[in-house]
Amino acid sequence: MSAPDASLPKRPKGGMASLAADLSSRAGSLAHRSTDERLVPVVSAPGSDVNPKPAATSSNVARRPKPVVPQPQPQPQVGGISRPVRPAQVARLPRPLAGPEGRLEASGETVVKWTLELAPQLIMALNVWERDETKRLGQRVFRERMIDLALDNLPEDVDSIVEMVGDLPMTLRHAPGQQFGTRVRASVRDKLLGLRPELRVAGIKSVRIRDVYSAGVYRYLVGLGISVEDPATISKN
Amino acid sequence: MYVVTPGQQKGGVGKTTVTANLAAISGDFGLKVLAVDLDPQSHLTFSFNRLARPGYSLGDMLNSTVPASPSFEEVVIRDVAPNVDLLPGDERALVSAEHDIALDPLTGMRRLRRLLDSVGDQYQLCFIDTPPKVEGLAVVALVASDGVVIVAEPQTLSYTSTMVYAAKVAQVQDSLNPNLQVLGVLLNKAFDGEESTFIQEQLRASGLHVFDTTIPVNKLASKAAAGGVPTALAHRNYEIGKIYRRAADEISDRLTATFADSDKLQEAGSR
Numbered sequence: 000m001s002a003p004d005a006s007l008p009k010r011p012k013g014g015m016a017s018l019a020a021d022l023s024s025r026a027g028s029l030a031h032r033s034t035d036e037r038l039v040p041v042v043s044a045p046g047s048d049v050n051p052k053p054a055a056t057s058s059n060v061a062r063r064p065k066p067v068v069p070q071p072q073p074q075p076q077v078g079g080i081s082r083p084v085r086p087a088q089v090a091r092l093p094r095p096l097a098g099p100e101g102r103l104e105a106s107g108e109t110v111v112k113w114t115l116e117l118a119p120q121l122i123m124a125l126n127v128w129e130r131d132e133t134k135r136l137g138q139r140v141f142r143e144r145m146i147d148l149a150l151d152n153l154p155e156d157v158d159s160i161v162e163m164v165g166d167l168p169m170t171l172r173h174a175p176g177q178q179f180g181t182r183v184r185a186s187v188r189d190k191l192l193g194l195r196p197e198l199r200v201a202g203i204k205s206v207r208i209r210d211v212y213s214a215g216v217y218r219y220l221v222g223l224g225i226s227v228e229d230p231a232t233i234s235k236n
Numbered sequence: 000m001y002v003v004t005p006g007q008q009k010g011g012v013g014k015t016t017v018t019a020n021l022a023a024i025s026g027d028f029g030l031k032v033l034a035v036d037l038d039p040q041s042h043l044t045f046s047f048n049r050l051a052r053p054g055y056s057l058g059d060m061l062n063s064t065v066p067a068s069p070s071f072e073e074v075v076i077r078d079v080a081p082n083v084d085l086l087p088g089d090e091r092a093l094v095s096a097e098h099d100i101a102l103d104p105l106t107g108m109r110r111l112r113r114l115l116d117s118v119g120d121q122y123q124l125c126f127i128d129t130p131p132k133v134e135g136l137a138v139v140a141l142v143a144s145d146g147v148v149i150v151a152e153p154q155t156l157s158y159t160s161t162m163v164y165a166a167k168v169a170q171v172q173d174s175l176n177p178n179l180q181v182l183g184v185l186l187n188k189a190f191d192g193e194e195s196t197f198i199q200e201q202l203r204a205s206g207l208h209v210f211d212t213t214i215p216v217n218k219l220a221s222k223a224a225a226g227g228v229p230t231a232l233a234h235r236n237y238e239i240g241k242i243y244r245r246a247a248d249e250i251s252d253r254l255t256a257t258f259a260d261s262d263k264l265q266e267a268g269s270r
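Note that the protein sequences, when read in sequence, are chains U and P.
At position 46 of the first sequence the residue is numbered 45 (numbering that gives the first Met the number 0), and the sequence of numbers has no breaks.
At position 198 of the second sequence the residue is numbered 197 (numbering that gives the first Met the number 0), and the sequence of numbers has no breaks.
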């Protein structure tokens, strides 16, 4: 077992003060470890000679590799939780139609009522979108049609759905949900509810159906260029 | 940042108490300290009178099956003691993380190390509390650590466990973390007596460094834990507070002697 060499040069003992001074003098030099470089599993085949371990000397004890400058982690925007969506996603998302053609019944399918549980920020963004889009087009657009389209355009496979849920900001995912009554085509609702056994089979316990439709609606809103406001700014209005 | 794990295979020797007190006294001195609760029992978190929020614990950060793992900023609890931040534990999340790591050990073992490396510029010392074993999460801690302080009681059974633990640390050193060093053995719940003296002699004879400071049996420690303030802080001016201060100084000396001097020797050798 390799332990600090007893013949290590004696130095004045300064305890924590000495440690603090040592760390200050080393800051920016060779203080950091490179995770990938230093972890080297040693695998030996049964019966083969194990590579001889170099004798622990004070020169090879605790070699410190060159510092790795940590990459800055992406941070959510202050005061807003909208995130840019990749251009390919924006191009693929269909826009809800206005007027009679925009109604769910125009699809010819069975339409059912469905009560969702959405974060207040999402509900606010839906309301704002419905008002502004109606003004812009001069004809009535329906937020229920947007929700129907958002949920109908979810990814097909479970992995992509889980990734989509991962893009949902934590503040939205864990916000206390508000009851939001809407209507969707029966096929859309059945597709969502059918995810439950799929997620169970895949062993994914931490993703709820609420997370999936919230992420779908969020992705759709952001894809249309609509910002989802931080609750602090909503309360001020 | 130096990462230190006060470890031991045997339960009940006082690892968590020692970890909490070393972190607290180091922070009280002025060092910037990160305490990491990697034990599903989460007693280190309890020692600082904190609870992890559901979904925001160290286990949630280490578990790759959590789709949107919380960030360090979302999980860390700042200033649980002067200059001490805490990554809190949660039993459910840590147990789940341990299972997840077992499915992909080579990648999973590195997660804590990567995490600590990413925040290493914010802290000077990091102490990791581990479960009483040398597998699973305990190995994750050893992979992430620079030094191990073996916490032991001066008793025969604890001596036996210490030798087994030291051998297993050596295996981790050989296969996963060549930088890992056993800094020494810190005797906890020490008492005066023949057996205590004998065990200390046996430990020294085995080649392990034994710290001169021994932490005595102390009733104040239990009272302090109930109050959520480590005894080294709560009883800073009592004998027990001074003892922890001496223990922290010895460990710091050992760290600087082990790592700083080896760097100087490397630099000297390369000229």
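Where hints are given, some of them may not hold.
Said to hold, decoys possible - Okay, derived cross-link-like pairs now, DSBU-like style, lysine-lysine, Cα gap no bigger than 35 Å in a straight line:
id	chain 1	residue 1	chain 2	residue 2
1	P	K31	P	K218
2	P	K218	U	K204
3	P	K167	P	K31
4	U	K134	U	K204
5	P	K218	P	K9
6	P	K132	U	K204
Note that these hints are calculated values from the structure, not bench results.
Computed from a predicted model, the values in this text were never measured in an experiment.
So, going through the hints one by one against the coordinates:
no.: 1; hint: K31/P with K218/P; in the structure: 28 Å, holds
no.: 2; hint: K218/P with K204/U; in the structure: 44 Å, violated
no.: 3; hint: K167/P with K31/P; in the structure: 30 Å, holds
no.: 4; hint: K134/U with K204/U; in the structure: 42 Å, violated
no.: 5; hint: K218/P with K9/P; in the structure: 21 Å, holds
no.: 6; hint: K132/P with K204/U; in the structure: 28 Å, holds
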